[in-house]
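Visitor: I would like the entire structure built from these sequences, with the hints used as guidance.
Quick note on my numbering: the sequence shown kicks off at 2 and runs consecutively.
Please keep in mind that the hints were generated in silico from the structure rather than gathered at the bench.
All values reported here derive from a predicted model rather than from experimental measurement.
Please note that a few of the clues may not be correct.
[As the list claims (entries may be wrong)] Pairs of lysine to aspartate or glutamate residues, derived as EDC-like cross-links and limited to a Cα-Cα distance of at most 20 angstroms, are as follows:
| # | residue 1 | residue 2 |
| --- | --- | --- |
| 1 | LYS80 | ASP119 |
| 2 | LYS260 | GLU250 |
| 3 | LYS363 | GLU373 |
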Amino acid sequence: MGYRVFILILILLSPVFLFAQQTDITGLWKGTLYNDTNQLTYQYEIGISREKGKYSGFSHTWFTLGDSQYFGVKKVSVKIAGDGKIIVEDKELISNNYPIKPSKGVRQLNILTLNTQDSIMTLQGPFSTNKTKEYTSLTGFINLTRKNDFWHSSLVPHLEELQKAGELSFVKEARQKEIKNQEEEQTRLAAKQEKEKAEWAMAEKQKEAALKKQLQQQKEIAQSEEMKKNNELKKQELLAKAEEKKIKEEQKIQAQKEKEITRNNLKNEKEIARAASEVQEIKKTEKANEKKEEPGLVRNINPAADVSVRKTVVQQTVYFSGDSLYLALYDNGEIDGDTVSVLMNGNIILARQGLSASAIKKTIYIAPGTREVELVMYAETLGSIPPNTGLLIVRDGKSVYELRFSGDYKQNASILFKRKTPE
Numbered sequence: 002m003g004y005r006v007f008i009l010i011l012i013l014l015s016p017v018f019l020f021a022q023q024t025d026i027t028g029l030w031k032g033t034l035y036n037d038t039n040q041l042t043y044q045y046e047i048g049i050s051r052e053k054g055k056y057s058g059f060s061h062t063w064f065t066l067g068d069s070q071y072f073g074v075k076k077v078s079v080k081i082a083g084d085g086k087i088i089v090e091d092k093e094l095i096s097n098n099y100p101i102k103p104s105k106g107v108r109q110l111n112i113l114t115l116n117t118q119d120s121i122m123t124l125q126g127p128f129s130t131n132k133t134k135e136y137t138s139l140t141g142f143i144n145l146t147r148k149n150d151f152w153h154s155s156l157v158p159h160l161e162e163l164q165k166a167g168e169l170s171f172v173k174e175a176r177q178k179e180i181k182n183q184e185e186e187q188t189r190l191a192a193k194q195e196k197e198k199a200e201w202a203m204a205e206k207q208k209e210a211a212l213k214k215q216l217q218q219q220k221e222i223a224q225s226e227e228m229k230k231n232n233e234l235k236k237q238e239l240l241a242k243a244e245e246k247k248i249k250e251e252q253k254i255q256a257q258k259e260k261e262i263t264r265n266n267l268k269n270e271k272e273i274a275r276a277a278s279e280v281q282e283i284k285k286t287e288k289a290n291e292k293k294e295e296p297g298l299v300r301n302i303n304p305a306a307d308v309s310v311r312k313t314v315v316q317q318t319v320y321f322s323g324d325s326l327y328l329a330l331y332d333n334g335e336i337d338g339d340t341v342s343v344l345m346n347g348n349i350i351l352a353r354q355g356l357s358a359s360a361i362k363k364t365i366y367i368a369p370g371t372r373e374v375e376l377v378m379y380a381e382t383l384g385s386i387p388p389n390t391g392l393l394i395v396r397d398g399k400s401v402y403e404l405r406f407s408g409d410y411k412q413n414a415s416i417l418f419k420r421k422t423p424e
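Guide: In structure tokens form, the structure reads like this:
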């Protein structure tokens, strides 16, 4: 009887063991949270980390109210239940900009199911909050998809500003991989330089040997020429008198030419002196005109002054269909004094705008024949927490896109808009 019970327990627990061994749930999960009570949908992200076999993580919720954006970042616990469900529960609210002080003691509990289809992993399931003296329990539904590009999320850049991104194992692994790639690249470059140095040394050695051979050949040729010269010496002596007469005649002709040149030079010097006098008169006139100009003129400092000097990197590409796009610009995370100028196809459309939780709104109009538009975010200041990061919400008809960008004094952030091809 005991043996059968033991076997039955192993059979019941085997899916959990297989789940833990075969499925990696770490990473960034991005999607939505639907609240049954107010029937609103919020943007919701969870970052799941694993250290020494134990799961943990952070969550990020944000929404807009009027023209303002509000967010909350929480530390969460993550567990895998016996039936394979993934249990995510609030532990601590670590950052927010809510318009009212959040209530203490309210915890959110997510009971999520992992699904995998065509290499796409999703977490779906209900959530609820505990009931307190002041608040009733809230319920709703969560729908998340795992994303590989976690740097363009809301959660990870925010954790970077809070200096907590390193607590996520997948962020730590990405940094270690980047360091390893840099070390491998340095090793490769060092090997290449060493090879080039050896090749250069060999080439120099060959060049030195060729030079020695050339000098030896030149020496032998010089000796041969010396012998020929001695043989020709007597012949040259015979021709010397005739040559001397010829030289005297040439000297006479040359003396006449030099006399003519001297006469021409004197004439040129007079012309040069007259030209110099005219130049002095022109300079005096220019000086007098300068005194008449209005003093105190100051050159304006233009926005995006160094846009062509900085490197421009395309960070995201969006396909649009309309003839106008509505833009709403926010700071992405802590409000730290970031200032940007926005250029559309090289022309400034927003100059020196300070980013905050309130939207900077702009509608751009695109000619029907225009196939491509580039928006460049130019960092005027980096704020108190570099780099300059922002969130650009774009409305194309009924379509809404959340675009995050990052720039500094060396790099401009570019977002490329391409018109959809009619089907």
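Visitor: Confirm or reject each hint.
Guide: Structure-based check of all given hints:
At roughly 25 angstroms between alpha-carbon atoms, LYS80 and ASP119 are farther apart than 20 angstroms, so this suggested pair is violated. This hinted pair checks out: LYS260 and GLU250 have alpha carbons roughly 16 angstroms apart, not beyond 20 angstroms. Taking the CA atoms of LYS363 and GLU373, the gap is near 18 angstroms; set against the 20 angstroms cutoff, the hint holds.
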